[in-house]
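The listed protein sequences derive, respectively, from chains A and B.
Take 2 as the starting number for the first sequence in our numbering and just add one per residue.
Take 2 as the starting number for the second sequence in our numbering and just add one per residue.
Hints may contain errors.
To be verified - Dumping the calculated BS3-like pairs for lysine-lysine here, alpha-carbon to alpha-carbon at most 27 angstroms:
hint, chain 1, residue 1, chain 2, residue 2
1, B, Lys-252, B, Lys-127
2, B, Lys-127, A, Lys-127
3, A, Lys-10, B, Lys-252
4, A, Lys-372, A, Lys-417
5, A, Lys-319, B, Lys-308
6, A, Lys-64, B, Lys-214
7, A, Lys-127, B, Lys-10
8, B, Lys-289, B, Lys-84
9, A, Lys-127, B, Lys-64
10, A, Lys-64, B, Lys-385
11, B, Lys-150, A, Lys-84
12, A, Lys-385, B, Lys-64
13, B, Lys-10, A, Lys-13
14, A, Lys-127, B, Lys-319
15, B, Lys-10, A, Lys-308
16, B, Lys-227, B, Lys-417
17, B, Lys-64, A, Lys-64
18, B, Lys-243, A, Lys-319
19, B, Lys-178, B, Lys-14
20, A, Lys-150, B, Lys-127
21, A, Lys-308, B, Lys-252
22, B, Lys-127, A, Lys-10
23, B, Lys-385, B, Lys-359
24, B, Lys-214, B, Lys-468
25, A, Lys-127, B, Lys-14
26, A, Lys-64, B, Lys-84
27, B, Lys-64, A, Lys-289
28, A, Lys-29, B, Lys-252
29, A, Lys-84, A, Lys-64
30, A, Lys-469, A, Lys-417
31, A, Lys-252, B, Lys-308
32, A, Lys-252, B, Lys-29
33, A, Lys-29, B, Lys-127
34, A, Lys-150, B, Lys-84
35, B, Lys-308, A, Lys-64
36, B, Lys-64, A, Lys-29
37, A, Lys-252, B, Lys-10
38, A, Lys-14, B, Lys-127
39, B, Lys-417, B, Lys-372
40, B, Lys-127, A, Lys-64
No wet-lab data here; the hints were simulated from the structure.
Please read these numbers as outputs of a predicted model, since none were measured by experiment.
2 protein chains.
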Amino acid sequence: MSQSFGDKKDLKKKSENISDWYTDVVLKAELADYGPVRGTMIVRPYGYAIWEFVQDLMNSRMKAYGVQNAYFPLFIPYSFLQKEKAHVEGFSPELALVTVGGGEQLAEPLVVRPTSETIMYDSYSKWIQSWRDLPLLINQWNSVVRWEKRTFLFLRSMEFLWQEGHTAHEDEQGAIKMCLDAQEWYREIYEEYFAIPVVPGIKSESEKFAGAKTTYTVESLMPDGKALQGATSHNLGQNFAKAFNIQFQDKDGKNQLVWQTSWAITTRSMGALVLMHGDDNGIVLPPKIAPTQVVIVPITEDEVLRKYCEEIAEELEKSEVRVQLDSRQGWTPGRKFNDWEVKGVPVRFEIGQKEMDKTVVTIARRDTSEKYQIDRAHVVSETKKALDTIQTSMFEKAKKYLDENTHEVDSYDEFKQIMESKRGFLKVFWCEDPQCEAKIKEETKATTRCLPLDAKEEEGTCIYCGKKATHRWYFAQAY
Amino acid sequence: MSQSFGDKKDLKKKSENISDWYTDVVLKAELADYGPVRGTMIVRPYGYAIWEFVQDLMNSRMKAYGVQNAYFPLFIPYSFLQKEKAHVEGFSPELALVTVGGGEQLAEPLVVRPTSETIMYDSYSKWIQSWRDLPLLINQWNSVVRWEKRTFLFLRSMEFLWQEGHTAHEDEQGAIKMCLDAQEWYREIYEEYFAIPVVPGIKSESEKFAGAKTTYTVESLMPDGKALQGATSHNLGQNFAKAFNIQFQDKDGKNQLVWQTSWAITTRSMGALVLMHGDDNGIVLPPKIAPTQVVIVPITEDEVLRKYCEEIAEELEKSEVRVQLDSRQGWTPGRKFNDWEVKGVPVRFEIGQKEMDKTVVTIARRDTSEKYQIDRAHVVSETKKALDTIQTSMFEKAKKYLDENTHEVDSYDEFKQIMESKRGFLKVFWCEDPQCEAKIKEETKATTRCLPLDAKEEEGTCIYCGKKATHRWYFAQAY
Numbered sequence: 002m003s004q005s006f007g008d009k010k011d012l013k014k015k016s017e018n019i020s021d022w023y024t025d026v027v028l029k030a031e032l033a034d035y036g037p038v039r040g041t042m043i044v045r046p047y048g049y050a051i052w053e054f055v056q057d058l059m060n061s062r063m064k065a066y067g068v069q070n071a072y073f074p075l076f077i078p079y080s081f082l083q084k085e086k087a088h089v090e091g092f093s094p095e096l097a098l099v100t101v102g103g104g105e106q107l108a109e110p111l112v113v114r115p116t117s118e119t120i121m122y123d124s125y126s127k128w129i130q131s132w133r134d135l136p137l138l139i140n141q142w143n144s145v146v147r148w149e150k151r152t153f154l155f156l157r158s159m160e161f162l163w164q165e166g167h168t169a170h171e172d173e174q175g176a177i178k179m180c181l182d183a184q185e186w187y188r189e190i191y192e193e194y195f196a197i198p199v200v201p202g203i204k205s206e207s208e209k210f211a212g213a214k215t216t217y218t219v220e221s222l223m224p225d226g227k228a229l230q231g232a233t234s235h236n237l238g239q240n241f242a243k244a245f246n247i248q249f250q251d252k253d254g255k256n257q258l259v260w261q262t263s264w265a266i267t268t269r270s271m272g273a274l275v276l277m278h279g280d281d282n283g284i285v286l287p288p289k290i291a292p293t294q295v296v297i298v299p300i301t302e303d304e305v306l307r308k309y310c311e312e313i314a315e316e317l318e319k320s321e322v323r324v325q326l327d328s329r330q331g332w333t334p335g336r337k338f339n340d341w342e343v344k345g346v347p348v349r350f351e352i353g354q355k356e357m358d359k360t361v362v363t364i365a366r367r368d369t370s371e372k373y374q375i376d377r378a379h380v381v382s383e384t385k386k387a388l389d390t391i392q393t394s395m396f397e398k399a400k401k402y403l404d405e406n407t408h409e410v411d412s413y414d415e416f417k418q419i420m421e422s423k424r425g426f427l428k429v430f431w432c433e434d435p436q437c438e439a440k441i442k443e444e445t446k447a448t449t450r451c452l453p454l455d456a457k458e459e460e461g462t463c464i465y466c467g468k469k470a471t472h473r474w475y476f477a478q479a480y
Numbered sequence: 002m003s004q005s006f007g008d009k010k011d012l013k014k015k016s017e018n019i020s021d022w023y024t025d026v027v028l029k030a031e032l033a034d035y036g037p038v039r040g041t042m043i044v045r046p047y048g049y050a051i052w053e054f055v056q057d058l059m060n061s062r063m064k065a066y067g068v069q070n071a072y073f074p075l076f077i078p079y080s081f082l083q084k085e086k087a088h089v090e091g092f093s094p095e096l097a098l099v100t101v102g103g104g105e106q107l108a109e110p111l112v113v114r115p116t117s118e119t120i121m122y123d124s125y126s127k128w129i130q131s132w133r134d135l136p137l138l139i140n141q142w143n144s145v146v147r148w149e150k151r152t153f154l155f156l157r158s159m160e161f162l163w164q165e166g167h168t169a170h171e172d173e174q175g176a177i178k179m180c181l182d183a184q185e186w187y188r189e190i191y192e193e194y195f196a197i198p199v200v201p202g203i204k205s206e207s208e209k210f211a212g213a214k215t216t217y218t219v220e221s222l223m224p225d226g227k228a229l230q231g232a233t234s235h236n237l238g239q240n241f242a243k244a245f246n247i248q249f250q251d252k253d254g255k256n257q258l259v260w261q262t263s264w265a266i267t268t269r270s271m272g273a274l275v276l277m278h279g280d281d282n283g284i285v286l287p288p289k290i291a292p293t294q295v296v297i298v299p300i301t302e303d304e305v306l307r308k309y310c311e312e313i314a315e316e317l318e319k320s321e322v323r324v325q326l327d328s329r330q331g332w333t334p335g336r337k338f339n340d341w342e343v344k345g346v347p348v349r350f351e352i353g354q355k356e357m358d359k360t361v362v363t364i365a366r367r368d369t370s371e372k373y374q375i376d377r378a379h380v381v382s383e384t385k386k387a388l389d390t391i392q393t394s395m396f397e398k399a400k401k402y403l404d405e406n407t408h409e410v411d412s413y414d415e416f417k418q419i420m421e422s423k424r425g426f427l428k429v430f431w432c433e434d435p436q437c438e439a440k441i442k443e444e445t446k447a448t449t450r451c452l453p454l455d456a457k458e459e460e461g462t463c464i465y466c467g468k469k470a471t472h473r474w475y476f477a478q479a480y
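Next up, chain A with everything else stripped away, as it sits in the complex:
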């Protein structure tokens, strides 16, 4: 890929305007690009390589659990969406419709998949007959289309990539367990791989998925104090089972409706990754999901030096470190440093004559800019140690930020004041009346993000109306 910058990066500053900075680094790190149709985006190879980690992480968890991958058609009859009332109301405004096929006007327009509940459950109603067929656990990897005219790379686009899990169970306990297990997979991916701490919880009635009984979520807090919904799982209850007549014969020979779930993580998570960890020098990738973990930059183009670097690269590769040797000719080391900094490679080795003479390697950490020397002989163990340290320290830094920006607030004035300044997660008593929620949103742009799974029942009064409230909900302005 060609580089549009030279030794100087000319990047926008995160501290000055996070949204301009964000677009700038996503483009310059070559994670993504704009598609030619307004609203669409291209996931470039470097970005897609990160998405492939998400695919691998989810696939290994799903397969061990018994979830099987499949593929359902892109085109859904419009009439299918209408079968579940809340569902069609939620999705109608954002549909893309195919009206011409093979040169002919179609009798019924086809919906380009915005989500696959309806098309999958039509099949489920045929495939499921007995309790022996349950649980039915199916996932697909695909893209979905929801009409958008503005693109905010990864965070909002007309088409995005995701996995969508769709399961059917004999009872509601089975469905709830599935939702919680999927939520736990998402938490693991965010916290243990993306180094982004999340708050697992459930959504309010107004924020839940169109057609769900309960929506489970993992919520993260971005550096501008705005929340980002990480991934969700939905207990669909028997809403779709009724709409699509998905019945099974139970062990006693009685016909019953199944209980269902759906759950998804999308390429939006890549936006969280960039926002959370990036800095004025580019993106910063946690080692576990960095396509390249270590880049080796030889300081000169000397032949002996190149061999020294090649040996180190080979040694790391053998030990399953994802390493790249940057032997591009005609580039100054500084320009290479910048290039890899923009791309967020966690560890850079600087190796010159000095290092060779002392049989050491100079390590530069991307996350802290810290530099130190390690013994050439211990290059593998020291590199692994550095990668572990970076992974942990990135998470801790993000966790500290989350903790420092999560506030228990009991006065609406203070709530408003925080929302107008530094923002963050506000834990407040809310009476669970949608009208208060709507008023708060109108006045502060903050919405309920979730009721944390571990929320205790307490005695309190609604921050807006003063009526009785039993739990503290998380509020925030959201992406």
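Place chain B on chain A using the hints.
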């Protein structure tokens, strides 16, 4: 999944009507199902698991080669397709158009991706600037839409899954090498994994891809004597480079157009798999790509027997054999046998009291129905031996069929007579005039399948017009 058949299979017979039989086994083996929109299909988990082998095989080859995965949008501006004349002519009749988005009529209709040359090369023209950016090797896994009203599961459908590789090179040699290397990957997948022998060759002018300079193909012969195009790679020459102005500065500082390729294997390959190996008892899967390689059927529901079977299953699993223990209660062994036969599992273990007493296992081969006993103590090595034998023997059987149904023919009467009876591959001299090709097609339904890569230059006369011809081309009726 529920089974619609009992101890008897009620399958259609392959020998009576291969096309009815085909649809029947694809549905009953639960590889695929019809989608609700005419022309569409659902790839069910069992079918998708086979497709995942294809994905893994291609990904490992591509990544070792330096090909990177990416994702480009589903929607392509109609004007993009028009940029390459042959391309738009080839694809126009089969496009699906989105004309409504977010409730509004669109000013320009959007094409639902039928293939991604145009949208990818628009980006390539921006990303490629210097010889340093070449070769650019990008692949995507996605689905494409080409308008069809009839579904022939896997073999023909409105939407199908594939990978599409798209590369740009400094010179034509680079592009040709890429085409040949991709063709070799496809040959390997067909021959070494699907146990389907293929003829690698190049397509005639009339059969090549819309917009290509040369199309490379691997062609297989199905049991009804019809050919099936396995996968293709296209040397696009500079056709698209001109249309999209994809230039690079070469090492001498001169601007040049890139040379390009595209190549794909689709879920159609799954159709070949079923057609080639299946029999009156269902599909037959080659061990290397069978999601389940061994199924263990305990003959009774005895507890001690179950434990004996479980231990064997564990032992095989530890040795990376994909094994399943069928402990479904209330099913007779015969019904289980039938079930797994329909699904084509290569090896069945039948284990009863008799086997336990003698510390043996009865093995039944799916491909030949042969049964024999192996020593319990050598279960792992004997199973691996059986799987290897089956893989080899399935390929050899298919190869024998191919050889026996490939004929050098020099008389057009004989050509017609064979096409009206047993069909097959006919190797005939053809003058390479598209008019002869068209006439032959009109009169016999046979088309040129390919000129084999290893075809020798010979002296001959065109089977149709009698004019001079230099090579024997493969002709066949095609799927």
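*asked:* Of all the hints numbered above, which does this structure not satisfy? Sort the numbers upward.
replied: 2, 4, 5, 6, 8, 9, 13, 14, 15, 18, 19, 26, 29, 39, 40
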